[in-house]
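Visitor: Read off the chains here:
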Amino acid sequence: MITLTDVQKDYSSSVQIGPVTTKIEAGGITALVGPNGAGKSTILTMIGRLLDIDSGQITVAGHDVVNTPSKAIARVLSVLRQENHFVTRLTVRQLVSFGRYPHSRGRLTLGDERFISEAIDFLNLTDLENRYLDQLSGGQRQRAYVAMVLAQQTDYVLLDEPLNNLDMQHAVQMMKQLRRAADELGRTIVIVLHDINFAAHYSDRILAMKNGKVVQHGTPAEMMQDHVLSEIFNTDVTVIDGPNGRLAVYY
Amino acid sequence: MFKTAFHLPEQRHSGPLTDSKHLRTYAVLVTILALLSTGFTVGILLWDNPTELFSDGWWLIVGMRRDSLLTIGLVALCHAVATIAFQTAVNNRIITPGIMGFGSLYTLIQTGTVFLFGAAGVNALVGIGPFFAQMAAMMLLATLLYTWLLSGKFSNVHIMLLVGVVLGGTLGSLSNFMQRMLEPSTFDVLTARLFGNISNARTEYLPYTVPIALAVVVIFWMWAPKLNVMALGRTTAQNLGLNHKAELIKILALVSVLISLATALVGPMMFLGFLCAMLAYQFGDTYSHRLLFPLGALAGYTVLSGSYFILRHVWDAGGAVTVIVELIGGAVFLYFILRKGRL
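Which chain is which? The protein sequence lines are X and E, in order.
Start counting the first sequence at 1; every next residue gets the next number (our numbering).
Start counting the second sequence at 1001; every next residue gets the next number (our numbering).
Keep in mind the hints are simulated off the structure, nothing from the lab.
Be careful, since some hints might not be right.
Heads up, simulated SDA-like pairs for lysine to any residue below, C-alpha to C-alpha not over 25 Å straight-line [claimed, not checked]:
{"hint": "1", "chain 1": "E", "residue 1": "1250", "chain 2": "X", "residue 2": "50"}
{"hint": "2", "chain 1": "X", "residue 1": "71", "chain 2": "E", "residue 2": "1222"}
{"hint": "3", "chain 1": "E", "residue 1": "1245", "chain 2": "X", "residue 2": "24"}
Derived CB-CB ranges, DEER-like [to be verified]:
{"hint": "4", "chain 1": "E", "residue 1": "1011", "chain 2": "X", "residue 2": "234", "range": "54 to 60 Å"}
{"hint": "5", "chain 1": "X", "residue 1": "131", "chain 2": "E", "residue 2": "1219", "range": "30 to 36 Å"}
{"hint": "6", "chain 1": "E", "residue 1": "1011", "chain 2": "X", "residue 2": "245", "range": "51 to 57 Å"}
{"hint": "7", "chain 1": "E", "residue 1": "1028", "chain 2": "X", "residue 2": "54", "range": "53 to 59 Å"}
{"hint": "8", "chain 1": "E", "residue 1": "1221", "chain 2": "X", "residue 2": "64", "range": "45 to 51 Å"}
{"hint": "9", "chain 1": "X", "residue 1": "118", "chain 2": "E", "residue 2": "1211", "range": "45 to 51 Å"}
{"hint": "10", "chain 1": "E", "residue 1": "1323", "chain 2": "X", "residue 2": "155", "range": "42 to 48 Å"}
What the simulated footprint calls covered on chain X by chain E, stretch by stretch (three residues with Cβ under 8 Å from a Cβ of chain E suffice, anywhere in the stretch; the number is not a length) [to be verified]:
{"hint": "11", "stretch": "83-90"}
{"hint": "12", "stretch": "163-176"}
{"hint": "13", "stretch": "182-190"}
Cβ atoms here follow ideal geometry from the backbone N, Cα and C, with glycine treated the same way.
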């Protein structure tokens, strides 16, 4: 379980995220949604201890993310930012092998190699594993990054807008793979999403943020209602019944 | 990692060398560089010795040439390892300690000592105690300055480069200003100290600088897995459990040790490190620092010893080696930026 207690981040006197107090249950997929600048990425990167917390406390599976050594956190939680650019030229497999660093500290065992192969196979990258990242399409590259955090074998996986720059086909593929990671591998996935329909269909819980605060937290069924969504997104949203569940229409 | 590449060619494996072709290319390159540098080493030691073979005078000359070779080796090793580690730490393959003004910092410390302590300061610069004091000062200043500058404050390469160049210029002008206020005789002695070159290196420091440099290189060698992770950038390194800021400070501190050692021997060199690192990345095409360090150091040694051999023994202009190497390095730097079209 991830708990946030009075977590706050001050960018300036007028721009302030929090205080946020909430709990994210272990297991399944939790989607963070909300308008631009609501603080979704800020909260996610603070949970992933990539951003300093100004006040408050965050614990992941009982570990305080600020006081626990970063090494120990890296075996419990992995986090992937939106933009990844490496100066080194890496193949897919080399990138994924870095996911084992918290466990192997650079000395890969046969067990590590097995986890690496599994993560690569899980994201259907088997044929591409010896390709260099700069020879891949955006979607394939995104999958390679996700494979790296899966190879890290952490119970908690935080992803900041992994569907960015993905077309329809690859976005759906990615969400299906994350769904499988949650169901088959038992990972707890927290994900920042922009598309409320993706969030409703693939996640177990939705955490909605607005103006730096958590405004709603519930199951997709509870969230997919006209007045709730209209309130969160500052736009008139109509929820209709679609062939695979409820759909938000906002245009 | 390396072993798997040799013994299990058929199985799926991870490692810094992708396949046997990559391994072969790397081995061939190291062999060529090793052969070239051995050739130059033997050439420098034995070529054109005017005295009778194996006489006392012959041994004396060989001994002096051996010191030059040690200097070349040390300078190449320091610049190559320091630059690769620096570029990894700051996650950028354009800026180098030299370009960011480490050399100007050295000049400033030297000039400042002479300026503050007068003619006595010149004498105070000689000897082992002051040598280490200067090195400590440079290490402290460089670590403070560059930690502040490089710890994510300026994420933009252009700004970082600009600040580095301006900083180098400012420190240089400050030295210049102090030099103008010196007495001519003091200035003369200071100038002689600042313009180091390989033929005239301060070899009396070698017994101290060699062990220190080797110790630092060994530490970097042991940190290599960590450096591989640091090269992935701040967020990825943090995700994988490194305390990025602490690692950055540690790396910068050791980089400043290596650069001040090399600078104390032969004076500031701006582009040698860039040349070594660039060649290592181009030839090695790998993320592994245990493969990059030897390649960079060997490339640096080959370039330095090669130019020293040609300039000293063929054209009789040994003093110009650092100048020529800087010329080559600067040209490569320009070519690289122009070809890439961006920073």
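Visitor: Are the hints correct? Go through all of them and say.
Guide: Evaluated hints:
1. Taking the CA atoms of residue 1250 (chain E) and residue 50 (chain X), the gap is about 20 Å. The hint holds against a cut of 25 Å.
2. A threshold of 25 Å between alpha carbons decides the hint, and for residue 71 (chain X) with residue 1222 (chain E) the separation of about 18 Å falls inside it, so the pair holds.
3. Between residue 1245 (chain E) and residue 24 (chain X) the alpha-carbon distance is near 29 Å, which puts this suggested pair outside the 25 Å criterion.
4. Distance hint check: the CB atoms of residue 1011 (chain E) and residue 234 (chain X) are about 55 Å apart, consistent with the given range 54 to 60 Å.
5. Between residue 131 (chain X) and residue 1219 (chain E) the beta carbon distance is about 35 Å. The supplied range of 30 to 36 Å therefore holds.
6. Range check, residue 1011 (chain E) to residue 245 (chain X): Cβ separation about 44 Å, and the 51 to 57 Å hint is violated.
7. For residue 1028 (chain E) and residue 54 (chain X), the hinted distance range of 53 to 59 Å is satisfied, since their beta carbons lie about 55 Å from each other.
8. For the pair residue 1221 (chain E) and residue 64 (chain X), the beta carbons lie near 35 Å from each other, so the given range of 45 to 51 Å is not met.
9. At about 46 Å, the CB distance of residue 118 (chain X) to residue 1211 (chain E) agrees with the hint of 45 to 51 Å.
10. Hint check: residue 1323 (chain E) to residue 155 (chain X), Cβ distance near 59 Å, so the stated range 42 to 48 Å is violated.
11. Given as covered by chain E, the stretch 83-90 of chain X passes the check, having 7 residues with a CB less than 8 Å from a CB of that chain where 3 are the minimum.
12. Residues of the stretch 163-176 of chain X with a Cβ under 8 Å from some Cβ of chain E number 0, which does not satisfy the need for three, so the listed coverage is violated.
13. Closer than 8 Å: that is the beta-carbon criterion, and the stretch 182-190 of chain X has 0 residues meeting it against chain E, so the requirement of 3 is violated.
In summary, the structure is inconsistent with hints 3, 6, 8, 10, 12 and 13 from the numbered list given earlier, while agreeing with the others.
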